[in-house]
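A.B. asks: Below are the chains, spelled out letter by letter.
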Amino acid sequence: MEGAVALEGVTKRYGAETVVAGVSLAIPPGEFFTLLGPSGSGKTTTLSMLAGFVMADEGRVMLGGQDMTQVPPRGRGLGMVFQNYAIFPHLDVAENVAFPLTVRRAPKAEIAARVAEALEMVKLTGFERRYARQLSGGQQQRVALARAIVGHPRIVLMDEPLGALDKNLRYHMQVEIKEISRRLGTTVIYVTHDQEEALTMSDRIAIMERGRIAQMGPPRDVYEKPETAFVAAFLGEANLLPARRDGDAVAGPGGTRLLAGSGALAAPQGLLFVRPEKVAIAPAGGRTEGANSLPGQVRHASFLGNVVRYQVEVAEGATVLCDAANGAGTPLHAPGDAVRLSWRAEDSRLLAA
Amino acid sequence: MPLKISGAFLLLLPALLLLVALFIVPIGWFLSSSIAELGTWAEIWAEAEDVLLSGAVGRSLVNTGAIGLIVTLLTLVLGYPVSYALSRVRGAAFTAILLCIVLPYFTSTIVRTYAWMVLLGRNGLINQILLGLGLVDEPVNLLYNRTGVIIGMTYVLLPYMVLTLYAAMKAVDPRLMQAAEGMGATPAQVFRRVFMPLTLHGVVAGVLITFILAIGFFVTPALMGGPGEIMVAMLIEREVEITQNWPSAALMTVVLLAVTLTLYAVYSRFAEPGEALR
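Residue numbers (the numbering used here), protein chains in the order written: chain V, -15 to 337; chain C, 816 to 1093.
Keep in mind that the hints are not guaranteed to be accurate.
Sample of chain C residues facing chain V (criterion: CB under 8 Å; computed from the structure) [as the list claims (entries may be wrong)]:
#1 Leu991
#2 Gly999
#3 Ala1000
Calculated Cβ distances over 10 Å to all of chain V for the following chain C residues [what the hints assert, rightly or not]:
#4 Ser848
#5 Gly906
#6 Tyr920
#7 Asn942
#8 Gln943
#9 Tyr1082
What the hints contain is simulated information worked out from the structure, not anything from laboratory work. From the three backbone atoms N, C-alpha and C, an ideal C-beta is built for every residue, glycine too.
Hey, can you work out the whole structure from these sequences and the hints?
C.D. replies: Next comes the structure, spelled out in structure tokens:
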């Protein structure tokens, strides 16, 4: 049970506003779990309740199998990386990293050994006597990371730890954080609003929307099998076409008969979901693959390098996005070209509008 | 866009001219002419020794320093919690505390000092309460002695301490304290290991500015002090106005000015939050 995290019907209200509404989740030890959502979705409040900075109004917070709902932060024994790093400006790197141990009055020799080990792990050996203002953003990030793991906590919370870094450094640190957490076997609960980051790093993702978990699952599941239009749109580009149930099939734009994957909506009206990269594009009259096929006209073509993104009008006022890999010998379509789009039934779903 | 030095100088010029014309020149003239009256350097030195080490002046210098120190410590002890509260509240509570601190300063010092005299006198409110409660058998002397001077000066100087401390405390990122708490620190440890070190430069600045102001005080000790509580500023005034011994006044002024400028030099090093850490 050590390292396990669970929330049971956790709710937080500020005045009349419910910020977190009955969130339940269970995270096994060693999992890299991400809370993903736009700002105001309740992900940071949820993390704050795990940390103990915010006390839940309802529900239970379980850490390592123990009920910690009413325990203050210092009793929870968690490692933490804060959004702005929160590096103490009056302490040098070694003193910062040692902080969680010194406040618990660990023996000096143990502190020295653990600090050296943590700094080595984040590749900051030799920076012990520097102060935060003498470090780059990436180095400050590493100090924060070293400080979070120095006490060998079973659970580490990270609140948008890479938000302030530029894109290249971000990617680098993503790999490093993942690597360290795997090596230590720590449970990581990671908060971000960056869907790419969530998809890259997580074992499982919970997508939050207005204080609730909209969907939870491994990155590929939530990306390819979204259950709501919100999840579909939040995790990346998505085609969401107005559609209506028609027997076993779906009536799409212009009344075309289409097939959708399983697990789809029971209601008669909805949105037909398909990712742009799952849509194949071919010249009109050309050979098409997949159960669904729609004729259309290219409205716009954006050359993105490895991918060409087409906006194809398939009916009056209905356009479909299609990402075609810029592979060897792939012909490019120009705006105005008549084309035929196609995709497999299992790559599309009928979602609630 | 940063101003060039010459541009900055131009902007400072009017204020600088005013200061030179109304402060530097008169005080320079006063000091040099008064001291020149004494004659040669050796004679000046002898006179200085005479004046400064003489009983009355020496005692008043010691007195000034002692009162300054006590008052500074009192404002620190009383002001620190107030500043802390002020730095942690927002909205109406913030405005209320700030008004309590600043509002009395819209009245003149003399009026406020007389108000204290009414409160502290032998038949004043405080003595009446103490007598009424049976805590004392006869009125306590709260006025015309050191107690009176200290109460009055602490009251006048408290806002300088509070506002200086507030500036330093407000600059502390509250997330740092939350982070410390999250890393296992008790509230006492958060205060001692994070909040206090980060506001220490403010404490130093507040202590220096309060002490500098305290040792130059005149009105409060003159009105609320007794004959035994002569401070340097009062002595200088007496030498100029009554005994007309300008050289003696000038020598004391030099001492006071030297102490003030030295402390100010130290203060300016702590006034910038980052400086003290460097």
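A.B. asks: What are the numbers of the hints the structure violates, in ascending order?
C.D. replies: none
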